[in-house]
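If you read the protein sequences in the order shown, they are chains A and B. So the number in the numbering used here is just where the residue sits in the first sequence, counting from 1, plus 6. So the number in the numbering used here is just where the residue sits in the second sequence, counting from 1, plus 123.
No lab work stands behind these hints, which were simulated from the structure alone. Some hints here could point you the wrong way.
Simulated restraints, written as ranges between beta carbons of each label pair [to be verified]:
{"id": "1", "chain 1": "B", "residue 1": "Ile136", "chain 2": "A", "residue 2": "Phe78", "range": "57 to 65 Å"}
{"id": "2", "chain 1": "B", "residue 1": "Leu173", "chain 2": "A", "residue 2": "His88", "range": "53 to 61 Å"}
{"id": "3", "chain 1": "B", "residue 1": "Pro150", "chain 2": "A", "residue 2": "Lys46", "range": "18 to 26 Å"}
Partial list, derived from the structure: chain A residues whose beta carbon lies under 7 Å from chain B [claimed, not checked]:
{"id": "4", "residue": "Leu34"}
{"id": "5", "residue": "Leu93"}
{"id": "6", "residue": "Ala94"}
Even for Gly, the Cβ is constructed at its ideal location relative to N, Cα and C.
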Amino acid sequence: MIFFVLEVILASLGTAFLLLAAIGLVRLPDPLCRCHAVAKAMTLGISLLLAAVIMHLQAEETTLKLLLAIIFQFATIPVAGHLLMRLAYEKNMERWKERPMDDHRAAASQQK
Amino acid sequence: MEIFVQILILLIIVAICFALYRLFRGPTVIDRLLAFDGIAICSVGILALLSLLWETDMYVELILVYSLLGFVGTVALVLYLHRTIPVREPGDKKPPKGHS
Chain A
7 MIFFVLEVIL
17 ASLGTAFLLL
27 AAIGLVRLPD
37 PLCRCHAVAK
47 AMTLGISLLL
57 AAVIMHLQAE
67 ETTLKLLLAI
77 IFQFATIPVA
87 GHLLMRLAYE
97 KNMERWKERP
107 MDDHRAAASQ
117 QK
Chain B
124 MEIFVQILIL
134 LIIVAICFAL
144 YRLFRGPTVI
154 DRLLAFDGIA
164 ICSVGILALL
174 SLLWETDMYV
184 ELILVYSLLG
194 FVGTVALVLY
204 LHRTIPVREP
214 GDKKPPKGHS
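Go ahead and model the full structure; you've got the sequences and the hints to work with.
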């Protein structure tokens, strides 16, 4: 019974985080902000969903595989986000309109 | 329980539709790549919810392989774009060719 309640709570929270990350992907103004939504909220959401699957199946080998999958999500999604944002930084892509910053690489080197 | 899991799958499909909007609309290529990454992650979420719905453990390997494929696709495209697209000069009004 306790596992059933945990499973329902974990699945609902995971889906809510995935949906919030997608809304952030639409609403936020600039690639760096959108990556902030995707890299953090989607990692948490997919990990909670996989934890709900662990609570539901409850067999040793599937639990080990799903724990491996959770560790894998935590290792890969932030790395992919970091690679994308390093691309945006090095190619000097445009920032959002309310705070225009023409060359953020030069701004970063002036602050040193 | 079945109705509950089906509603959750519907919500993730709504999330995929939002990401598809950003995939088609996105002003730069990075937005499109981020949306692709998000769609891959949401597909893994749908696989997890399907294994809840049908009470099978055959989708666990599929979850592992699918998340690996999304990550490798993103990394390959980023390493390709590092070599090909030009740097935007400060003062440009229009983004250079290849940034969209």
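The hints, checked one at a time:
1. For Ile136/B and Phe78/A, the Cβ-Cβ distance of about 24 Å falls outside the hinted range of 57 to 65 Å, so the restraint is violated.
2. With their beta carbons about 30 Å apart, Leu173/B and His88/A fall outside the hinted range of 53 to 61 Å.
3. One distance hint, 18 to 26 Å for the beta-carbon pair Pro150/B and Lys46/A, holds here, with the actual separation near 22 Å.
4. Given hint, Leu34/A at the interface with chain B, is violated; its Cβ is 10 Å from that chain's nearest Cβ, farther than 7 Å.
5. Given hint, Leu93/A at the interface with chain B, holds; its Cβ is 6 Å from that chain's nearest Cβ, closer than 7 Å.
6. Annotation: interface hint on Ala94/A holds; nearest CB of chain B at approximately 5 Å, less than 7 Å.
Hints 1, 2 and 4 from the earlier list are contradicted by this structure; the remaining hints agree with it.
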